[in-house]
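Protein chains: 2
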Amino acid sequence: MKNQIENHKKEYIDQLIELLKIPSISADPKYKQDVKKTAHWIEKALIDIGCDQVEVFQTDGHPVVYGEKIIDSNAPTVLVYGHYDVQPPDPIELWDSPPFEPVIKETLIHPNGAIFARGACDDKGQMFMHIKAVELLINNNALTCNVKFIIEGEEEVGSDHLEQFITDHKVKLKSDIIIISDTGIHNMKNPAITTGLRGLSYMEVTVTGPNRDLHSGLYGGTVANPINTLCQMIASLHDHNKKVTIPGFYDQVQEISEEQRRGMNKNATPEEEFQKSIDIDASVGEKGYTTLERKSIRPTLDVNGIWGGYTGEGAKTVIPSKAHAKISMRLVPNQNWQDISKLFEKHFKSIAPEGACVKVTTHHGGDAYVTPEGHNAYRAAEKAYQEVFGVAPYAKRDGGSIPIVPMFEKILGCKTILMGFGLDSDAIHSPNEHYGIDNFLKGIETIPLFYKYFSELEKA
Amino acid sequence: MKNQIENHKKEYIDQLIELLKIPSISADPKYKQDVKKTAHWIEKALIDIGCDQVEVFQTDGHPVVYGEKIIDSNAPTVLVYGHYDVQPPDPIELWDSPPFEPVIKETLIHPNGAIFARGACDDKGQMFMHIKAVELLINNNALTCNVKFIIEGEEEVGSDHLEQFITDHKVKLKSDIIIISDTGIHNMKNPAITTGLRGLSYMEVTVTGPNRDLHSGLYGGTVANPINTLCQMIASLHDHNKKVTIPGFYDQVQEISEEQRRGMNKNATPEEEFQKSIDIDASVGEKGYTTLERKSIRPTLDVNGIWGGYTGEGAKTVIPSKAHAKISMRLVPNQNWQDISKLFEKHFKSIAPEGACVKVTTHHGGDAYVTPEGHNAYRAAEKAYQEVFGVAPYAKRDGGSIPIVPMFEKILGCKTILMGFGLDSDAIHSPNEHYGIDNFLKGIETIPLFYKYFSELEKA
Chain F
527 MKNQIENHKK
537 EYIDQLIELL
547 KIPSISADPK
557 YKQDVKKTAH
567 WIEKALIDIG
577 CDQVEVFQTD
587 GHPVVYGEKI
597 IDSNAPTVLV
607 YGHYDVQPPD
617 PIELWDSPPF
627 EPVIKETLIH
637 PNGAIFARGA
647 CDDKGQMFMH
657 IKAVELLINN
667 NALTCNVKFI
677 IEGEEEVGSD
687 HLEQFITDHK
697 VKLKSDIIII
707 SDTGIHNMKN
717 PAITTGLRGL
727 SYMEVTVTGP
737 NRDLHSGLYG
747 GTVANPINTL
757 CQMIASLHDH
767 NKKVTIPGFY
777 DQVQEISEEQ
787 RRGMNKNATP
797 EEEFQKSIDI
807 DASVGEKGYT
817 TLERKSIRPT
827 LDVNGIWGGY
837 TGEGAKTVIP
847 SKAHAKISMR
857 LVPNQNWQDI
867 SKLFEKHFKS
877 IAPEGACVKV
887 TTHHGGDAYV
897 TPEGHNAYRA
907 AEKAYQEVFG
917 VAPYAKRDGG
927 SIPIVPMFEK
937 ILGCKTILMG
947 FGLDSDAIHS
957 PNEHYGIDNF
967 LKGIETIPLF
977 YKYFSELEKA
Chain C
527 MKNQIENHKK
537 EYIDQLIELL
547 KIPSISADPK
557 YKQDVKKTAH
567 WIEKALIDIG
577 CDQVEVFQTD
587 GHPVVYGEKI
597 IDSNAPTVLV
607 YGHYDVQPPD
617 PIELWDSPPF
627 EPVIKETLIH
637 PNGAIFARGA
647 CDDKGQMFMH
657 IKAVELLINN
667 NALTCNVKFI
677 IEGEEEVGSD
687 HLEQFITDHK
697 VKLKSDIIII
707 SDTGIHNMKN
717 PAITTGLRGL
727 SYMEVTVTGP
737 NRDLHSGLYG
747 GTVANPINTL
757 CQMIASLHDH
767 NKKVTIPGFY
777 DQVQEISEEQ
787 RRGMNKNATP
797 EEEFQKSIDI
807 DASVGEKGYT
817 TLERKSIRPT
827 LDVNGIWGGY
837 TGEGAKTVIP
847 SKAHAKISMR
857 LVPNQNWQDI
867 SKLFEKHFKS
877 IAPEGACVKV
887 TTHHGGDAYV
897 TPEGHNAYRA
907 AEKAYQEVFG
917 VAPYAKRDGG
927 SIPIVPMFEK
937 ILGCKTILMG
947 FGLDSDAIHS
957 PNEHYGIDNF
967 LKGIETIPLF
977 YKYFSELEKA
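If you read the protein sequences in the order shown, they are chains F and C.
Residue numbering for the first sequence is 527 to 986, as defined by the working numbering.
Residue numbering for the second sequence is 527 to 986, as defined by the working numbering.
FYI, nobody ran anything at the bench for these hints, they're computed from the structure.
These figures come from a predicted structure and were not determined experimentally.
For every residue, glycine included, the Cβ atom is placed at its ideal position computed from N, Cα and C.
Fair warning: there could be bad hints in the mix.
Claimed, not checked - Partial list, computed: chain F residues near chain C (C-beta under 10 Å):
1) His566
2) Asp578
3) Tyr745
4) Val810
5) Val917
6) Ala921
Stated by the list, open to error - Just a sample of chain F residues kept apart from chain C, beta carbon distances all over 12 Å, derived:
7) Gln530
8) Lys570
9) Ile573
10) Ile597
11) Asn754
12) Thr755
13) Ile760
14) Thr826
15) Val896
16) Glu899
17) Ile937
18) Ile954
Claimed, not checked - Pairwise CB distance ranges, derived in the manner of DEER restraints:
19) F:Ser876 / C:Asp777: 51 to 61 Å
20) C:Gly789 / F:Gly814: 16 to 26 Å
21) F:Gln584 / C:Lys536: 38 to 48 Å
22) F:Gly789 / C:Leu620: 39 to 49 Å
23) F:Ser876 / C:Ile635: 34 to 44 Å
24) C:Ile543 / F:Asp765: 29 to 39 Å
25) F:Ile573 / C:Gly838: 28 to 38 Å
26) F:Glu797 / C:Pro773: 50 to 60 Å
27) C:Glu839 / F:His566: 19 to 29 Å
28) F:Ile877 / C:Phe583: 30 to 40 Å
29) C:Thr771 / F:Lys813: 55 to 65 Å
30) F:Pro879 / C:Pro773: 20 to 30 Å
31) F:Glu544 / C:Gly838: 42 to 52 Å
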């Protein structure tokens, strides 16, 4: 099958580029039609490879695309989840090429080129590998599992309507394993399978002071300036050891054994290399933990956006009426995201000083997840990676969140294997997001092997 | 002359409305042509009332308009300063009517109506009173002083090029007193003359963390998030008594005697009324001082704008590369704004934690000013207000800054009298800025009396 991939390489890349050109930004209502257009693009792609029951399902948000290929009711069933929506491209001025005009460029890490575009890796490129892998299996008459695709359009905004959809289509979606490619390997020589994901609680806060913007000369010094107040409140959310100060925040955190910590740190990127990669002179995080631990087994709190007052050119001497921030927390196993959201809200309101009025809303969230390493599907993935990369993948914990993974388990009672092929350097969610051509092609090569080994192991 | 004002009322208002329609926003380069257009509008107005030597002077920024009426080389000379530029109207969505489409509405405070528009009070409305007042004097052959007008277009952005202009035209601008209407009275029954202004130092800061925006899941907890860092740095600029923590900040502050403090507090707006006017449940400011003192005789520090990360609709899980803030300090007599800017820069850089890189720039500034209450011009103004309002005005200290006032004194060796007619409730620099019709007309009535009494007192 490797030869066939090599022969179809140009066609695969051209198709992905076509998909990447549609700005399916789910967060911005302006792009609603483009999101819809993308759903129909996926619909056509699934029909083209020979899927049945292909349908674009409307939801109260963006649509979900479904398609399936059932070969034998006795064969194991694999549910492929992916998302066709993308993050907003801001700050747009930092892109070297327009985010929705894909270009292929060689880089140090990708001597065979990488596709630069919003969504190249997250998740259009990784999701599309599955469509092409199943196409190969169908064309070669080598599909040994039933396959169901569920490709959604709201992952980047919290998958708000997916829970309802899954609940409504529980029977249709019944499977033995879910596979998702929305994570990464360690590097091109050392594959890895993500076995842990952090949870997420994403909040928005508004601090209101006076009922209107005030002249900072006439009022400066007499009222609680909402920006100063917000800064003060945000600053207090970490102590000097960079621990989150919200009461109860760490109560449910699962501590990892010293042995497990030693094991995971063996594969860590050297500290200097990490710092150099993002041009910082010091890593900063919770005292007592390594960089790798801080971004995988420890919960964190970050401000993702802040705004208030005059932010244009030049100077305006104003005390604004309001100041805002988007604040998210990454969670670890055992922390319930809804509980954490409530703890945040309660605490944030409690620290509001006099003269300030605070509003807290929850955007979305999800719990952390740990994948079972003993599952047949995990072992099948392990063998598939080993065969393609020549090296056994190691199990790694990721700092990111895919809230639908614990949700799938809750509703469908089904485990998930995270077969990612991206790299940390792919700049997902950042300007100049890209996805290596080799990563893309190795993904298309690895996935069919997974199906093969999974059906073998399930039959054994 | 009061009758004539009553007869020309409609004409005066119509002319002011025409002037207010031009969006002369000096801060925004997009409005450069409108700023220029406004300068030529003023040029024409000065010619129309009979001024000589009227000229629009180009500068390296926006133009300065000059015009004069010299009646007698032995008569005292009054220099009228005003500005025709306005603040940006943001946040535009909070205006009840478009900022550059003036409307007249009655309000509780203004039963005879107020003109709502950006610049209505600050400073087009107040500046235009002087043009109309001098027109009246000329038409009645009652001008007893020489008059020189200098109307600039960069007051709202720091009057960057005025110093050069004044220096270049020192001889032309020679005068006995400068009068400016860019401040306010206490209320419609109790006039006041501003005798003190605060200085200003306006800074912009940028905190840089990683060299690109990062995914908050993959990196959250491992790097100094520039927004969190900026918040922490801003929070540390005040202590728990709301004193500014910049070393040396208070060193040069002129302390006011207990007696003077008692005197000024007698005219203070009751605390409940103040809080109610801007809908806050508590005044917040430097410990040990009243609200009136905090906004007049004490220096302060306020964040005027903050931005960083994702600020659009919905959620984006990003750790931004940069976070920014505009921070200004109001200064009191004896504080040198350039020294304070340097102290700020030095301190702000010194508190940057590891993992963060800080850039500090100075936008503009000016020193504080105190007007002499014994000057003939002050006494002339006092008599003029008394005659029109029926009550003697009291001397008040303002929290705002007009940096050109100390600059005029330095270069021209000339004092300034601040004959303002606005009200605190005019919402200058805010949405729904307005200026009372009565304030406007009373200004046109008061100014000619000032000329009369000033020339009498100077001759005596």
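The hints, checked one at a time:
Interface restraint check for His566 of chain F: the shortest CB-CB distance to chain C comes to about 23 Å, outside 10 Å, so the restraint is violated. Checking Asp578 of chain F against chain C by beta carbon gives a least distance of about 34 Å; that is not within 10 Å, so the hint is violated. The criterion of a C-beta within 10 Å of any C-beta in chain C is met by Tyr745 of chain F, whose closest approach is roughly 6 Å, and the hint holds. For Val810 of chain F, the suggested interface contact is upheld, since its CB lies about 4 Å from the closest CB of chain C, less than 10 Å.
Checking Val917 of chain F against chain C: minimum C-beta separation of about 22 Å lies over 10 Å; hint violated. With 10 Å as the threshold, the beta carbon of Ala921 of chain F stays out of range of chain C, its nearest partner Cβ sitting at about 17 Å, so the hint is violated. With a least beta-carbon separation of about 33 Å from chain C, Gln530 of chain F lies farther than 12 Å from that chain, consistent with its non-interface assignment. Every C-beta of chain C lies more than 12 Å from that of Lys570 of chain F, the closest at about 28 Å, which supports listing it as non-interface.
Its beta-carbon lying about 31 Å from the closest one in chain C, Ile573 of chain F satisfies the requirement of being farther than 12 Å from that chain. The Cβ of Ile597 of chain F sits about 36 Å from the closest Cβ of chain C, beyond the 12 Å cut-off, so the non-interface label holds. Remark: the non-interface label on Asn754 of chain F conflicts with the geometry, its nearest Cβ contact in chain C lying 5 Å away (cut-off 12 Å). With a least beta-carbon separation of about 8 Å from chain C, Thr755 of chain F fails to lie farther than 12 Å from that chain, contradicting its non-interface assignment.
For Ile760 of chain F, the non-interface assignment is contradicted: its Cβ lies about 4 Å from the closest Cβ of chain C, within the 12 Å cut-off. For Thr826 of chain F, the non-interface assignment is contradicted: its Cβ lies about 3 Å from the closest Cβ of chain C, within the 12 Å cut-off. With a least beta-carbon separation of about 15 Å from chain C, Val896 of chain F lies farther than 12 Å from that chain, consistent with its non-interface assignment. The non-interface label for Glu899 of chain F is consistent with chain C: the shortest C-beta to C-beta separation is roughly 21 Å, beyond 12 Å.
Against the 12 Å criterion, Ile937 of chain F stays outside the reach of chain C, whose nearest CB is about 23 Å from its own CB. With 12 Å as the threshold on Cβ separation, the claim that Ile954 of chain F sits away from chain C is violated: the shortest Cβ distance comes to roughly 6 Å. The hinted range of 51 to 61 Å is not satisfied by Ser876 of chain F and Asp777 of chain C, whose Cβ atoms lie roughly 37 Å apart. In this structure the supplied range 16 to 26 Å is violated for Gly789 of chain C paired with Gly814 of chain F, their Cβ-Cβ distance being about 59 Å.
Judged by the Cβ atoms, the range 38 to 48 Å given for Gln584 of chain F and Lys536 of chain C is violated: they are separated by roughly 60 Å. Take Gly789 of chain F and Leu620 of chain C: their Cβ atoms lie about 56 Å apart, and the range 39 to 49 Å is violated. Between Ser876 of chain F and Ile635 of chain C the beta carbon distance is about 38 Å. The supplied range of 34 to 44 Å therefore holds. For the hinted restraint 29 to 39 Å between Ile543 of chain C and Asp765 of chain F, the CB-CB distance of approximately 57 Å leaves it violated.
For Ile573 of chain F paired with Gly838 of chain C, a C-beta distance near 34 Å keeps the hint of 28 to 38 Å intact. Between Glu797 of chain F and Pro773 of chain C the beta carbon distance is about 34 Å. The supplied range of 50 to 60 Å is therefore violated. For Glu839 of chain C and His566 of chain F, the Cβ-Cβ distance of about 24 Å falls inside the hinted range of 19 to 29 Å, so the restraint holds. Evaluation of the 30 to 40 Å hint for Ile877 of chain F and Phe583 of chain C yields a failure: the beta carbon distance comes to about 53 Å.
At roughly 25 Å, the beta-carbon separation of Thr771 of chain C and Lys813 of chain F lies outside the given 55 to 65 Å, and the hint is violated. Distance hint check for Pro879 of chain F and Pro773 of chain C: the Cβ-Cβ separation is about 25 Å, which falls inside the suggested range of 20 to 30 Å. The given range of 42 to 52 Å is broken by Glu544 of chain F and Gly838 of chain C, whose C-beta atoms sit roughly 27 Å from each other.
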